[in-house]
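A.B. asks: Chain by chain, the residues run as shown.
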Amino acid sequence: EPEVTQTPSHQVTQMGQEVILRCVPISNHLYFYWYRQILGQKVEFLVSFYNNEISEKSEIFDDQFSVERPDGSNFTLKIRSTKLEDSAMYFCASSEGAGLQETQYFGPGTRLLVL
Amino acid sequence: GESVGLHLPTLSVQEGDNSIINCAYSNSASDYFIWYKQESGKGPQFIIDIRSNMDKRQGQRVTVLLNKTVKHLSLQIAATQPGDSAVYFCAEKSSNGGGFKTIFGAGTRLFVKA
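So the protein lines, in turn, are chains A and B.
Under my numbering, the first residue of the first sequence is numbered 1, with each subsequent residue one higher.
Under my numbering, the first residue of the second sequence is numbered 116, with each subsequent residue one higher.
In isolation and in its complexed conformation, chain A is listed as follows:
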């Protein structure tokens, strides 16, 4: 069964450093998403991406964040200058379409720890 994959599984970084989290969505999916989950809290939407453009973003997704689809398979989330409060689990998701009932498939997540 096809699945969303994410690398690395864990990332430790110093405050102020840049990090890039990588995702490989399911191959025939066209819509991609990033979510984050601070430890013990709910999953929060960050951004959705389609056709090489951001389609939706939340108030969390400020100028420190950017997304990119550098090639035909990868989808990345970059945090330019990490802050302590960026420590969280980051989930990538993808879906075939963007309709109301379109199912999003989540990857296993990258646990980011900012020291």
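Please note that the accuracy of each hint is not assured.
SDA-like mimics (lysine to any residue), calculated; alpha carbons at most 20 Å apart, straight line [what the hints assert, rightly or not]:
| hint | chain 1 | residue 1 | chain 2 | residue 2 |
| --- | --- | --- | --- | --- |
| 1 | B | K171 | A | T76 |
| 2 | B | K157 | A | S9 |
| 3 | B | K216 | A | G97 |
| 4 | A | K42 | A | L30 |
| 5 | B | K216 | A | L30 |
| 6 | B | K216 | B | G156 |
| 7 | B | K157 | B | D199 |
| 8 | B | K157 | A | E59 |
| 9 | A | K83 | A | E59 |
| 10 | B | K157 | A | S95 |
| 11 | A | K42 | B | H187 |
| 12 | B | K157 | A | L100 |
| 13 | B | K183 | B | D199 |
| 14 | B | K171 | B | S189 |
| 15 | A | K42 | B | G156 |
| 16 | A | K83 | A | L100 |
These are computed hints drawn from the structure, not numbers from a lab.
Got chain A sorted already, so can you dock chain B onto it with the hints?
C.D. replies: Just chain B now, kept in the frame of chain A:
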């Protein structure tokens, strides 16, 4: 503002019993609701969904009930098994200027005792 939340943070049930996980939402215009299961170290996994024009939907061992009058959603798991132990999230999907945004609730941790 919009919010989706859960009544109880943890639920402990005996193996074989039925489980009921509850969720309240505040946006009366919400059109679509989803239950996700999150096992330790994994991402959320779709379980079942329901549109706002329905009040009940059944899957394999799971049933979702929607009460729009009181803005309440529940997930019922029949004959709960140890493999059902996980955190369960309700989520609301609503239109946002042409696209859709998924808003997750806080999560309920289900413990299944053997």
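A.B. asks: For each hint, tell me whether it holds in the structure or not.
C.D. replies: For each hint, the structure was consulted:
With a C-alpha separation of about 38 Å, the suggested pairing of B:K171 with A:T76 is violated against the 20 Å cut-off. With a CA separation close to 10 Å, the supplied pair B:K157 and A:S9 stays within the 20 Å bound. Of the pairs offered as hints, the one joining B:K216 and A:G97 holds, with about 13 Å between alpha carbons and a cut-off of 20 Å not exceeded. For the suggested pair A:K42 and A:L30, the alpha carbons sit about 25 Å apart, so the restraint of at most 20 Å is broken.
This hinted pair checks out: B:K216 and A:L30 have alpha carbons roughly 16 Å apart, not beyond 20 Å. Proximity of B:K216 to B:G156 is assessed by CA-CA distance (about 24 Å); at most 20 Å being required, the pair is judged violated. For the proposed pair B:K157 and B:D199, the alpha carbon gap of about 14 Å is at most 20 Å, so the pair holds. Straight-line distance between C-alpha atoms of B:K157 and A:E59 comes to about 25 Å, which puts the hinted pair past the 20 Å bound.
Taken as a hint, the A:K83 and A:E59 pair is honoured in the structure, with Cα atoms around 16 Å apart against an allowance of 20 Å. Taken as a hint, the B:K157 and A:S95 pair is honoured in the structure, with Cα atoms around 18 Å apart against an allowance of 20 Å. A distance of roughly 18 Å separates the Cα atoms of A:K42 and B:H187; the hinted pair therefore holds under the 20 Å criterion. Taking the CA atoms of B:K157 and A:L100, the gap is near 24 Å; set against the 20 Å cutoff, the hint is violated.
Restraint check for B:K183 and B:D199: the C-alpha separation of about 27 Å exceeds 20 Å, so the hint is violated. Proximity of B:K171 to B:S189 is assessed by CA-CA distance (about 10 Å); at most 20 Å being required, the pair is judged to hold. Of the pairs offered as hints, the one joining A:K42 and B:G156 holds, with about 15 Å between alpha carbons and a cut-off of 20 Å not exceeded. Annotation: proposed proximity of A:K83 to A:L100 is violated, straight-line Cα distance about 34 Å (limit 20 Å).
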